[in-house]
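Fit chain X to the known structure of chain S by using the hints.
So the chains spell out like this:
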Amino acid sequence: MTEKAAGGELEVRDVSKRYGTDRYPKTVVENCSFTVERGKLTVMIGPSGSGKSTIVRLLASFEQPTTGSILLNGRKVTKPDRDRLVVFQESALYPWMTTYENVVFGPKAQGRQGKPVAEAARNVIDRVGLNQFQQSYPNQLSGGMQRRAELARALINNPTVMILDEPFRGLDAMTKGLMQEYYAQLFESSQSTHLFVTTDIDEAIFLADRLLIMSNFPLRLRQVIDVDLPRPRRLADVVRSDAANQLKMTALSILHEEAIKSFTVGNRAADHFMNTYGRRYSSPPSPN
Amino acid sequence: MIALARIPTALGSRATARAAIAITLVLVFWEFGSRFGGWTGMKLPFIGVVPAPSRVLVVWYNLIGDHGYWQSWYLSFLRVLGGFSAAMLLGIPFGMALALNRAFYQIAFPTFEVLRPIPPLAWVPAAILFWPTQELSIAFITFLGAFYTIVINVVGGARSIDARYIQSAYAMGASRWTVFRRVVLPSTLPSIIVGASVGMGVTWEVVVAAEMISGGGSSMGSGGSGTGGGLGFFIWNSYTGGSYEQIIVGMISIGIAGYMSSSAIRALGNKIAPWLRSR
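First to last, the sequence lines map onto chains S and X.
So the first sequence is numbered by the numbering used here: it starts at 1 and just counts up by one.
So the second sequence is numbered by the numbering used here: it starts at 1001 and just counts up by one.
So here's chain X without its partners, still in its complex pose:
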């Protein structure tokens, strides 16, 4: 362990070393757990059914050259990005309007609050009826996943602005527009970033489930473009095809994709809100 603790200087930081050690331990435990049954004839519950990481790795290695596998990544990412961008694009102005305009709040918020508890997946059948293509249905459901989270965060952020910020801005001669752009917007930014990273997580959850439900694109919607696919479908397909290793590959792929997405959001957040990291 002492030797391992020195690695960090080479890798950059102690944090990296800790992460690496933790992941290694999980892998060792997993490998041991799934092989235990083979050695002793006594299968461990749950983990005994899961293929060992070494076998998963082999399958994964073989998939690296596989076009279909990367196509799944690409499709899921595209949907997440589409749904998420739409949610940001509509959610931020909508949330701002709710927070800043009393009449609009009184009109729109009750409807919003009734719709919000409906899980995005409950929208699947309706979405299939609403939207002409399967792709649009999935995108819509993905959008819903992020939209509510973003709106709620924007409203919360914009409503908790210190009144003195706004008062002193007006006193110093700022116009309404300047106050909005240089006071209201930046002070809501931390909440927007939080909403975005939580929303991004929800987006991944939703897109995978939607892909599993919608299948490969042959069965649904007569006007469907027939794309389907995605990492969710990849997992479902592996399950029906009986390749348990591939299920794990799909699951870990989603984990990595989600991690990449939220890291990107964090990096972007640090870039546009530098005052938050400079403590």
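Next up, chain S with everything else stripped away, as it sits in the complex:
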């Protein structure tokens, strides 16, 4: 893979986020630092309720960090901008707009119009395979199609960094697998900068160039693992790959440590952590 200079580098520097009052503060993110490298697919993994979505909102500037700063290509960001677009957990497509209208929302909001926009929209809708559904409303699309429409809506804006917050959660296993392969292809053909947030270790290994393992509650970076599996990747190959399984075991053992640590905290998020990673580690998949 040749390294193209597309995309940008997103840096999180000593970020903390506290909610609640001064008397009863609730720290969700604490002294968190990491980098989303240019042109790479960075996957952030951690259990639900660990504050991943909070960091996503901070990265997109929907909320401001309590302390610390977030930099895009070295510049501090404070406002939502189309250089950092988010694809959300559940579809955030506008129900009152057709697929086409949803996709052209961004360009139109920025005051661009006419043939180039229409062409770009048709292009990107083609790329996500929704050509037949341009005039459908979101509630007429299946779950997988909605996610693809949302990908298209983000892609047309050429974000410097694309942030995906558990975009495939809630899809059935079959659709999820298809979407993962499809998304991997999309990334491989664009080589822009992506941050993909998930709780699913298999998804994480399959997609990642770099894996950020987060520690639980408050959220912090625990460890970075480089996933140097060859691209383009196919799900079937990765499942069979020893290297991939090795990486998975490494990641799971770290997650397991986190789970044990969280267990002593005894809150609900910790419990979830145990359920997600504690059990999986105790019965690892056979390495071929």
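To be clear, the hints were calculated from the coordinates, so they are not data collected in a lab.
Hints should not be assumed to be uniformly reliable.
Said to hold, decoys possible - Here are some of the chain S residues that sit facing chain X, going by a computed Cβ distance under 10 Å:
{"id": "1", "residue": "Thr54"}
{"id": "2", "residue": "Arg57"}
{"id": "3", "residue": "Lys79"}
{"id": "4", "residue": "Asp81"}
{"id": "5", "residue": "Arg84"}
{"id": "6", "residue": "Leu85"}
{"id": "7", "residue": "Ala92"}
{"id": "8", "residue": "Met97"}
{"id": "9", "residue": "Thr98"}
{"id": "10", "residue": "Lys108"}
{"id": "11", "residue": "Pro116"}
{"id": "12", "residue": "Glu119"}
{"id": "13", "residue": "Gln140"}
{"id": "14", "residue": "Gly143"}
{"id": "15", "residue": "Gly144"}
The beta-carbon is built from N, C-alpha and C at its ideal position, and this holds for glycine as well.
Leaving out everything else, chain X in the frame of chain S:
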């Protein structure tokens, strides 16, 4: 029944057939009930006093050419339309402002909430004092009936917008105005439509009562235009005149008028919010 169930294909749908069967059954029951006393000498309670539908139909048929009857329709419709339009025109922006501006909400909402429980009909005497003409008084009371419902629905709708809709719109480069026009407004639209159809129902209830109270226009307000009338007055007038059939005609007329109005709102709603019907 099996034969009846086949009619629908001719009439369009099974739903139409079911509606027709239900209405027919109600009419048969009603006719039987009100004639029962005549046959057996034993009057049934309530329904025995009500004139039979066949007699109502005859009276109604005779009214079809009657100018006064249609004038009542026209006047009531005019008031409903006036009060309802004013309620929409003022209620939607007012509700939006309440939902979107915290300071305005803190200023205006408590007053609004104190006024809201006052039934529109309790406003009748005050309205007569406030407004120079009787027509304006009725219109005002009608307006109140729809206004509160619409405002409450708009506030509820605009406040429950998914925050992600707004966040992603800003992220994609939308201005505040674009966010309002293309995100906030359309996502509130379903609530506006619900508010409108409920408000329309309330409007009919209120206008009829107001017409009954205000009478024919001779007794009230020195500067009154003297119009009065309307379907509410039509019923009241029939009552004082002793024509029970006409009371029923008036009542059913209001039912039909109300049904027409809410159908119109639904049709309009489907037109401006096509994504809601395309399931």
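Evaluated hints:
1. The interface hint given for S/Thr54 is broken, as the beta carbon of that residue sits about 13 Å from the closest beta carbon of chain X, more than 10 Å.
2. About 8 Å separates the beta-carbon of S/Arg57 from the nearest beta-carbon of chain X, less than 10 Å, and the hint is met.
3. Residue-level restraint check for S/Lys79 holds (minimum Cβ-Cβ distance to chain X is 8 Å; threshold 10 Å).
4. Checking S/Asp81 against chain X: minimum C-beta separation of about 7 Å stays under 10 Å; hint holds.
5. Interface restraint check: S/Arg84 against chain X, minimum CB-CB distance 7 Å, threshold 10 Å, status holds.
6. Below 10 Å, beta-carbon pairs count as interface contacts, and S/Leu85 has one with chain X at about 6 Å; its hint therefore holds.
7. With its C-beta approaching chain X no nearer than about 4 Å, S/Ala92 sits inside the 10 Å limit, and its interface hint holds.
8. Annotation: interface hint on S/Met97 holds; nearest CB of chain X at approximately 8 Å, less than 10 Å.
9. For S/Thr98, the interface hint holds, since its Cβ comes within 10 Å of a Cβ in chain X; the closest pair sits about 8 Å apart.
10. With its C-beta approaching chain X no nearer than about 8 Å, S/Lys108 sits inside the 10 Å limit, and its interface hint holds.
11. Residue-level restraint check for S/Pro116 is violated (minimum Cβ-Cβ distance to chain X is 16 Å; threshold 10 Å).
12. Evaluation of the S/Glu119 hint against chain X yields a violated restraint, the C-beta minimum of about 19 Å exceeding 10 Å.
13. Because the closest C-beta pair between S/Gln140 and chain X is about 6 Å apart, less than 10 Å, the hint holds.
14. Violation of the interface hint for S/Gly143 is found here, the shortest Cβ-Cβ separation to chain X being roughly 15 Å, above the 10 Å cut-off.
15. With 10 Å as the threshold, the beta carbon of S/Gly144 stays out of range of chain X, its nearest partner Cβ sitting at about 18 Å, so the hint is violated.
Violation of the numbered hints given earlier is confined to hints 1, 11, 12, 14, 15; the remaining hints are satisfied by the structure.
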